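Residue numbers (numbering that gives the first Met the number 0), protein chains in the order written: chain A, 0 to 127; chain B, 0 to 81; chain C, 0 to 234.
One or more hints might be untrue.
What follows is a set of in silico ranges between Cβ atoms, one per label pair, in the way DEER data are often shown [to be verified]:
#  : chain 1 : residue 1 : chain 2 : residue 2 : range
1  : C       : Leu207    : B       : Leu72     : 37 to 43 Å
2  : B       : Thr11     : C       : Leu182    : 31 to 37 Å
3  : A       : Asn5      : C       : Phe186    : 39 to 45 Å
4  : B       : Leu68     : C       : Ile173    : 49 to 55 Å
5  : B       : Glu21     : C       : Asp152    : 37 to 43 Å
6  : A       : Asn77     : B       : Ile10     : 29 to 35 Å
7  : C       : Phe117    : B       : Val17     : 34 to 40 Å
8  : C       : Ser37     : A       : Phe104    : 39 to 45 Å
9  : C       : Leu182    : B       : Ile10     : 52 to 58 Å
10 : B       : Leu72     : C       : Leu110    : 19 to 25 Å
11 : B       : Met33     : A       : Glu70     : 42 to 48 Å
Footprint (simulated), chain A over chain B, 3 or more residues, beta carbon under 8 Å [what the hints assert, rightly or not]:
#  : stretch
12 : 14-22
13 : 37-50
14 : 53-65
What the hints contain is simulated information worked out from the structure, not anything from laboratory work.
Bear in mind that the values here come from a model prediction, so they are computed numbers and not experimental data.
Every residue gets a Cβ at the ideal spot worked out from N, C-alpha and C, and that includes glycine.
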Amino acid sequence: MLDSFNQTPFLHSVITIGSLLIFAIGLVGALTKKNLFKIFLSFAIIESSLFIYFIGMHFEVGKVAPILTNEVTEFSTNMVDPVPQAMILTTIVIAIAVLALALSFIINYFKLTNNMRVDEMNELGEDR
Amino acid sequence: MIGLIVLAIFITLIILAVLIIENNDLPHSVILFMGFGLGSVILYFIFSAPDVALTEAVIGTGVSGVVFLVTLLQIRSKEIKR
Amino acid sequence: MNLKKEIRVSTLFVSLVVSVMTILLLPIFLDFDLTSNSLGSTLLTLNKNQTSSANVVTSVVTYFRGFDTLGEVTILFLSIFGIGLGLDGYKDKLNIFAYENELLKIAVDVLFPLIILFGFYIIIHGHLSPGGGFQGGVIIASAFLLMFLAKGDSFELNHKIISLAEALSGAGFILLGVLGLILADRFFGNFLPLGSVSNLFSGGVIPLIYIFVGIKVSAEITALVEYFIRIKDVG
Numbered sequence: 000m001l002d003s004f005n006q007t008p009f010l011h012s013v014i015t016i017g018s019l020l021i022f023a024i025g026l027v028g029a030l031t032k033k034n035l036f037k038i039f040l041s042f043a044i045i046e047s048s049l050f051i052y053f054i055g056m057h058f059e060v061g062k063v064a065p066i067l068t069n070e071v072t073e074f075s076t077n078m079v080d081p082v083p084q085a086m087i088l089t090t091i092v093i094a095i096a097v098l099a100l101a102l103s104f105i106i107n108y109f110k111l112t113n114n115m116r117v118d119e120m121n122e123l124g125e126d127r
Numbered sequence: 000m001i002g003l004i005v006l007a008i009f010i011t012l013i014i015l016a017v018l019i020i021e022n023n024d025l026p027h028s029v030i031l032f033m034g035f036g037l038g039s040v041i042l043y044f045i046f047s048a049p050d051v052a053l054t055e056a057v058i059g060t061g062v063s064g065v066v067f068l069v070t071l072l073q074i075r076s077k078e079i080k081r
Numbered sequence: 000m001n002l003k004k005e006i007r008v009s010t011l012f013v014s015l016v017v018s019v020m021t022i023l024l025l026p027i028f029l030d031f032d033l034t035s036n037s038l039g040s041t042l043l044t045l046n047k048n049q050t051s052s053a054n055v056v057t058s059v060v061t062y063f064r065g066f067d068t069l070g071e072v073t074i075l076f077l078s079i080f081g082i083g084l085g086l087d088g089y090k091d092k093l094n095i096f097a098y099e100n101e102l103l104k105i106a107v108d109v110l111f112p113l114i115i116l117f118g119f120y121i122i123i124h125g126h127l128s129p130g131g132g133f134q135g136g137v138i139i140a141s142a143f144l145l146m147f148l149a150k151g152d153s154f155e156l157n158h159k160i161i162s163l164a165e166a167l168s169g170a171g172f173i174l175l176g177v178l179g180l181i182l183a184d185r186f187f188g189n190f191l192p193l194g195s196v197s198n199l200f201s202g203g204v205i206p207l208i209y210i211f212v213g214i215k216v217s218a219e220i221t222a223l224v225e226y227f228i229r230i231k232d233v234g
């Protein structure tokens, strides 16, 4: 019975449901929290869940990493697809760069108005 | 065997995500976020992707956590002075 | 002990909408079946015939899809440029990251060259083992971060050297691509002799591309962290 946990469709469904749940939790955090810092932390959680989904769906049980080692001595079709890994490697670096730019914006905004809450941002004069 | 390990790590990641967005103490949230990055590094290693695991370990845990913490230092220092 | 917690009505409403959306989307995602990966197997055979690198992901990032790496380097440069625009006069030396500790000051003098050596090792061996330019570049930047943490205001970076290193490595990266266009058949083509597999001096133009990318990434991440640490007080 324990052997049925090793098959590829079970692994794919676990990865799908888990990644979608983490995405939903991050989305709820980004929409309902009132502190600017926590909204950006939720965005980082959303991006991490998408990277896990992308790499996990291209994995099949029994395949090895696309690198020649002492045991794996030739390139064969027993290796995992290398193209999604190359794309995610670039995307992780881009995500941290964009996040750093956004955090510098909120530092500058805080130093000008001393305010970190979203529902007190009414410099453009919106009357309630 | 692999399926049960992946399931256990996913349950840990879901609990960590809920704790991150529900915490009132902001530096505590950043440290839990670094733990979340560690869990995803283990997942990348199980999925036979060593390059992505190395990149996520260095960037997602090292640079990202430090940038968040230094932002908190900038915000708090101004608040305490006034 | 009072464990009462207040929940706003709007929070409950938003969570309800997001959970309904997730439950409705789940059958579509669970029915998803991947098509056959013909691109991956084609690239594996191309890697065996045309290059002599042991790491397929490295040769995909630099040799087969080098144009995407050029776009990524551009986005990194633009974001650091945007951060630097928003801060004026950061030469007001107020390093808020320092942690005065005697043990840290003594240990950093030993650790700093070791971490930089380890970063260079990972950059150079990108085509033989997991690693490459991005990983090694960020490791070198974390060595400088350790110096900021330990030494406080007595550690000053020479900004002329950092911008010179970043500009020269970026120009060298594009120069390699243009040389490939002139001497070989395409942008980032190979014009150096291929060695044998699992030698250090093999792989043609792949280690050179990754060395330029590694130096550029390390210079940029060091400048990024230093911008965040030294911000002048406004007002």
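Q: Determine whether the Cβ-Cβ distance between B:Leu68 and C:Ile173 falls within the hinted range of 49 to 55 Å.
A: 35 Å Cβ-Cβ, so the 49 to 55 Å window is violated.
**Q.** Residues of the stretch 14-22 of chain B with Cβ under 8 Å from chain A, three needed, outcome
**A.** holds (count 4)
Q) Taking the CB of C:Leu207 and the CB of B:Leu72, does the distance hold inside 37 to 43 Å? A) holds, 39 Å
Q) Is the distance from the Cβ of A:Asn77 to the Cβ of B:Ile10 consistent with 29 to 35 Å? A) Taking Cβ atoms as reference, A:Asn77 and B:Ile10 lie about 30 Å apart, which means the hint holds.
Q. Okay, B:Met33 versus A:Glu70 on CB: inside 42 to 48 Å?
A. About 33 Å separates the Cβ atoms of B:Met33 and A:Glu70, which means 42 to 48 Å is violated.
Q. Cβ-Cβ distance between B:Glu21 and C:Asp152: within 37 to 43 Å?
A. Since B:Glu21 and C:Asp152 have Cβ atoms about 38 Å apart, the given range 37 to 43 Å holds.
Q) Is it true that the C-beta distance of C:Leu182 to B:Ile10 lies inside 52 to 58 Å, as the hint says? A) Holds: the Cβ-Cβ distance is about 55 Å, inside 52 to 58 Å.
Q.
Can you tell me whether the CB distance of B:Leu72 to C:Leu110 sits inside 19 to 25 Å?
A. Taking Cβ atoms as reference, B:Leu72 and C:Leu110 lie about 23 Å apart, which means the hint holds.
Q) Using the C-beta atoms of A:Asn5 and C:Phe186, is the stated range 39 to 45 Å upheld? A) 44 Å Cβ-Cβ, so the 39 to 45 Å window holds.
Q | Range hint 39 to 45 Å (beta carbons of C:Ser37 and A:Phe104) holds or violated | A | Given about 43 Å between the Cβ atoms, the range holds.
Q: Kindly confirm whether 31 to 37 Å is satisfied by the beta carbon distance between B:Thr11 and C:Leu182.
A: violated, 52 Å
Q. Taking a Cβ-to-Cβ distance below 8 Å as contact, does the stretch 53-65 of chain B have at least three residues touching chain A?
A. With 6 residues closer than 8 Å to chain A, the stretch 53-65 of chain B meets the three-residue bar; holds.
Taken one by one, the earlier hints fail for this structure at numbers 2, 4, 11, listed in ascending order.
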